[in-house]
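K.L.:
Those protein sequence lines, which keep their order, are chains Y and A.
Per this note's numbering, the very first residue in the first sequence carries number 2; after that it's consecutive.
Per this note's numbering, the very first residue in the second sequence carries number 39; after that it's consecutive.
Quick caveat, the hints were computed from the structure, so don't treat them as lab data.
Watch out, some of these pointers could steer you wrong.
To be verified - Quick look at which bits of chain A chain Y covers, simulated, 3 or more residues with Cβ under 8 angstroms:
1. 80-90
2. 98-112
3. 123-134
4. 164-171
What the hints assert, rightly or not - Below, a sample of chain Y positions facing chain A; criterion: calculated Cβ distance under 8 angstroms:
5. Ala-48
6. Tyr-51
7. Ala-75
8. Val-77
9. Gly-84
To be verified - Stretches of chain Y that chain A covers, calculated by requiring three or more beta carbons in the stretch to come under 8 angstroms of a beta carbon on chain A:
10. 8-17
11. 107-119
12. 125-133
Don't be surprised by glycine CBs; every beta carbon is placed ideally from N, CA and C.
The chain contents come next:
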Amino acid sequence: MSSSSMRTTLKGYVEYRGREGQWSFLLHRITGLGVLLFLTIHILDTATVYFLPSLYTEVMDLYRSTIFGLGEVALVFCLFFHGVNGIRIAYLDLWKPTSWTPESERRSAVIALVVTLVLFVPSAVIMLRNLLIHNYGLFGG
Amino acid sequence: MAAEKISSPATPIPSTRPTRVATPRNFETTAWVFMRYSAILLIPLAFGHMILQDVIVGVHNIDIDYVKMRWDLLAWRIYDAALLAFAFAHGMNGFRQVLMDYIRSERAFRIVSWVLLIGWLVITVIGAAAIVGGVSQ
Chain Y
2 MSSSSMRTTL KGYVEYRGRE GQWSFLLHRI TGLGVLLFLT IHILDTATVY FLPSLYTEVM
62 DLYRSTIFGL GEVALVFCLF FHGVNGIRIA YLDLWKPTSW TPESERRSAV IALVVTLVLF
122 VPSAVIMLRN LLIHNYGLFG G
Chain A
39 MAAEKISSPA TPIPSTRPTR VATPRNFETT AWVFMRYSAI LLIPLAFGHM ILQDVIVGVH
99 NIDIDYVKMR WDLLAWRIYD AALLAFAFAH GMNGFRQVLM DYIRSERAFR IVSWVLLIGW
159 LVITVIGAAA IVGGVSQ
């Protein structure tokens with residue numbers, strides 16, 4: 002698409018006041034693309050154990066760095082949100098399409114976000130704690 | 039318009055209540071259904087993998103010996119093969135569906151689809167070769 006129509010599209014995403022349904026659509030799209038980007042890299046980095054085992058150690062050293070550790074926390078949020086919201090979409094589309102009404106959709110979008118946070122927050126705490134232990138020697142590390 | 043070009047069975051946003059529409063039996067309908075059923079399958083597969091590796095075990099405890107130990111059990115290789123097959127197909131087709139919204143030219147979209155299909159196939163084969171071949175010493 003041309004740059005001007007891309008600008009129109011992005012402008013529309015920001016200015017359209019679709020509330021919960023729109024925000025959940027955008028977040029679903031962004032988190033999905035984020036997970037796919039990591040997944041593509043992850044398939045290839047894991048494949049080094051067979052094709053080039055010496056490289057695997059270097060890759061893991063990179064993943065253990067603080068910046069990648071923070072990226073990993075973001076990835077966990079992306080996958081949890083995309084999965085929970087994806088189940089909402091699959092359930093409504095396949096078994097309860099009559100619930101695709103603005104009111105019902107707003108409610109289910111908020112529920113999906115709450116469930117995501119219930120899964121994400123404890124996971125993030127554990128991962129950040131591991132990061133502080135291993136990279137900064139905190140908590141007796 | 040994109041809707042006429044591809045006749046995607048995307049869920050219409052109704053003003054009051056949803057109405058039933060006839061869906062064409064074509065590739066796009068199959069892909070649409072695949073995204074939903076694979077999503078359900080990926081909840082245990084992808085959530086399980088991520089919670090185990092990123093949260094419980096942690097990146098600092100994963101090295102090549104860990105991979106070897108894990109893949110010594112055939113069940114984990116089957117699990118990882120299923121994850122590779124469904125997650126990457128779901129992701130690449132999802133990417134294709136996202137691009138469908140932004141690429142107006144039918145010809146350009148067909149070219150992009152083929153590039154994605156080939157990329158998906160090549161990377162899937164590389165991943166599958168590693169799962170079958172295991173850790174090289």
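K.L.:
Now look at each hint and say whether the structure bears it out.
P.N.:
We went through each hint and held it up to the structure:
no.: 1; hint: 80-90; verdict: holds (count 6)
no.: 2; hint: 98-112; verdict: holds (count 6)
no.: 3; hint: 123-134; verdict: holds (count 6)
no.: 4; hint: 164-171; verdict: holds (count 5)
no.: 5; hint: Ala-48; verdict: 4 angstroms, holds
no.: 6; hint: Tyr-51; verdict: 4 angstroms, holds
no.: 7; hint: Ala-75; verdict: 11 angstroms, violated
no.: 8; hint: Val-77; verdict: 6 angstroms, holds
no.: 9; hint: Gly-84; verdict: 6 angstroms, holds
no.: 10; hint: 8-17; verdict: violated (count 1)
no.: 11; hint: 107-119; verdict: violated (count 0)
no.: 12; hint: 125-133; verdict: holds (count 3)
In summary, the numbered hints that this structure violates are 7, 10 and 11.
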